[in-house]
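Based on the sequences and whatever the hints tell you, model everything.
Number of protein chains: 2
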Amino acid sequence: MHAVRTDPDPARRSDASRRAILSTAFDLVGEAGYAGLSIEGIAARAGVGKQTVYRWWPSKGAVLFDAFLMLSEDSGGSPALPDTGDLEADLVAVLRATVDELNDPRYDEPMRALNTEIAHDPDLARAYTERLERPMRELKKDRLRSAQRAGELSADLDPDVAVDLIWGPLLNRWMLRGGELTGDYAERVVVAALDGLRPRGGAAD
Amino acid sequence: MHAVRTDPDPARRSDASRRAILSTAFDLVGEAGYAGLSIEGIAARAGVGKQTVYRWWPSKGAVLFDAFLMLSEDSGGSPALPDTGDLEADLVAVLRATVDELNDPRYDEPMRALNTEIAHDPDLARAYTERLERPMRELKKDRLRSAQRAGELSADLDPDVAVDLIWGPLLNRWMLRGGELTGDYAERVVVAALDGLRPRGGAAD
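Residue numbers (my numbering), protein chains in the order written: chain A, 1 to 205; chain B, 1001 to 1205.
Do not rely on the hints blindly, as some may be mistaken.
[Stated by the list, open to error] A few chain A residues that don't get close to chain B, going by computed Cβ distances all over 10 Å:
hint : residue
1    : A16
2    : V48
3    : A80
4    : P82
5    : L139
6    : I166
7    : L176
8    : G183
9    : G196
[Claimed, not checked] Derived coverage of chain B by chain A (criterion: at least 3 residues anywhere in the stretch with Cβ under 8 Å from a Cβ of chain A; other residues may be distant):
hint : segment
10   : 1029-1041
11   : 1058-1065
12   : 1158-1168
13   : 1184-1195
No wet-lab data here; the hints were simulated from the structure. Glycine is no exception: its CB is placed at the ideal position from the N, C-alpha and C atoms.
Shown next as structure tokens:
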């Protein structure tokens, strides 16, 4: 309770300030958009001095990135993908949940902000890839490898291309607002990625 | 020849100013990045008053969008996709050319800027979809329909999902800097999209 002000342990007090700053940044970007986010605004709302924020982060993009890291760590990191033995059903469930998250205003604006920072900042993109994207990608690839072992996916598949094929269309449509983002769309993408665009079976090759 | 200053026809003079502003905006964003682009900077370099720019465009995002429109119109609009009768070869050629364009510093930064503006501005996204994305998408779908008629693609294909499956992974990897963008990657995506991730043929189905 009021740990920022009263905790006698400086390390714990500093950690509490850090967490207060990060969740404030996340909330503010959801309310005011990324253009309306500023180090001054974060400091004022979190009840710390501007210099405290600058001591830990060089830019508002860096604050937001750490806010996402904290969110991910607080939830125990990304969970493994479901593995019921039915890859198509599992992927549809995962992508439908992603659609719900991307359509949730609390997440849409912060994620959009992080993604556009990444698009313009190669250093942030590297940090994002190493600390958030790659761990999630490994979990996706684990699920695909399990499906490969079960004979549900081609043995000679490139798992990175497979991940891009399943998740890329959805993320691209969301980011560029190229069309409605629905669970049904996610399902059609999964089916198309698994079956491919060429005719299957029969005499038609 | 100094058309901006000496052409006696006001409509043509105004068109020349407009074109000068648009190509200046495109050049400036390539040199200084989108963050470094300003209406003032565009006006100074194009040799017009700031109010001239504001009279035609409400924001630097709107200028950049019109610069892309001009570029597209000057090249006679987007060309139809090649149709040699071999869909896979045609798509690989098109996507390899896209990779070259996305890796070209003259285009990378302006396109990145336009795409991040779209990500944050629903009105601009709508204009982009209607005037640039949809016409290009129709050309892609024309090529896919031709392949459907030739039996190269499934008859019950959703052409919009197919376009997203072929182009989405590449654009997403470029935008989020998720990995190296090479012609070989583009080719692997095309093959995976056409064949699908499940095993084909044989008893394994």
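Hints and how they fare:
Separation of A:A16 from chain B is adequate, the least Cβ-Cβ distance of about 32 Å exceeding the 10 Å criterion. A cut-off of 10 Å between C-beta atoms confirms that A:V48 is not in contact with chain B; the least separation is 26 Å. Listed as a non-interface residue, A:A80 keeps its Cβ farther than 10 Å from every Cβ of chain B; the least gap is roughly 19 Å. At roughly 17 Å, the least C-beta separation between A:P82 and chain B is larger than 10 Å, which holds for a residue marked as non-interface.
Every CB of chain B lies more than 10 Å from the CB of A:L139, the least distance being 15 Å, so the non-interface label holds. Distance check for A:I166 against chain B: the nearest CB is about 8 Å away, which does not clear 10 Å, and the non-interface claim fails. With a least CB separation of 6 Å from chain B, A:L176 falls inside the 10 Å interface cut-off, contrary to its annotation. The Cβ of A:G183 lies farther than 10 Å from every Cβ of chain B, with a closest approach of about 14 Å, so its non-interface assignment holds.
Non-interface call for A:G196 relative to chain B: violated, since the shortest CB-CB distance, roughly 2 Å, does not exceed 10 Å. Only residues whose beta carbon comes within less than 8 Å of a beta carbon in chain A count, and the segment 1029-1041 of chain B has 3; three or more means the coverage holds. Restraint check on the segment 1058-1065 of chain B versus chain A: 0 residues with Cβ-Cβ distances below 8 Å, three needed, restraint violated. Here the segment 1158-1168 of chain B counts 9 residues with a CB under 8 Å from a CB of chain A, which clears the bar of 3, and the coverage holds.
Restraint check on the segment 1184-1195 of chain B versus chain A: 7 residues with Cβ-Cβ distances below 8 Å, three needed, restraint holds.
In the structure shown, a violation is registered for the earlier hints numbered 6, 7, 9 and 11, in ascending order.
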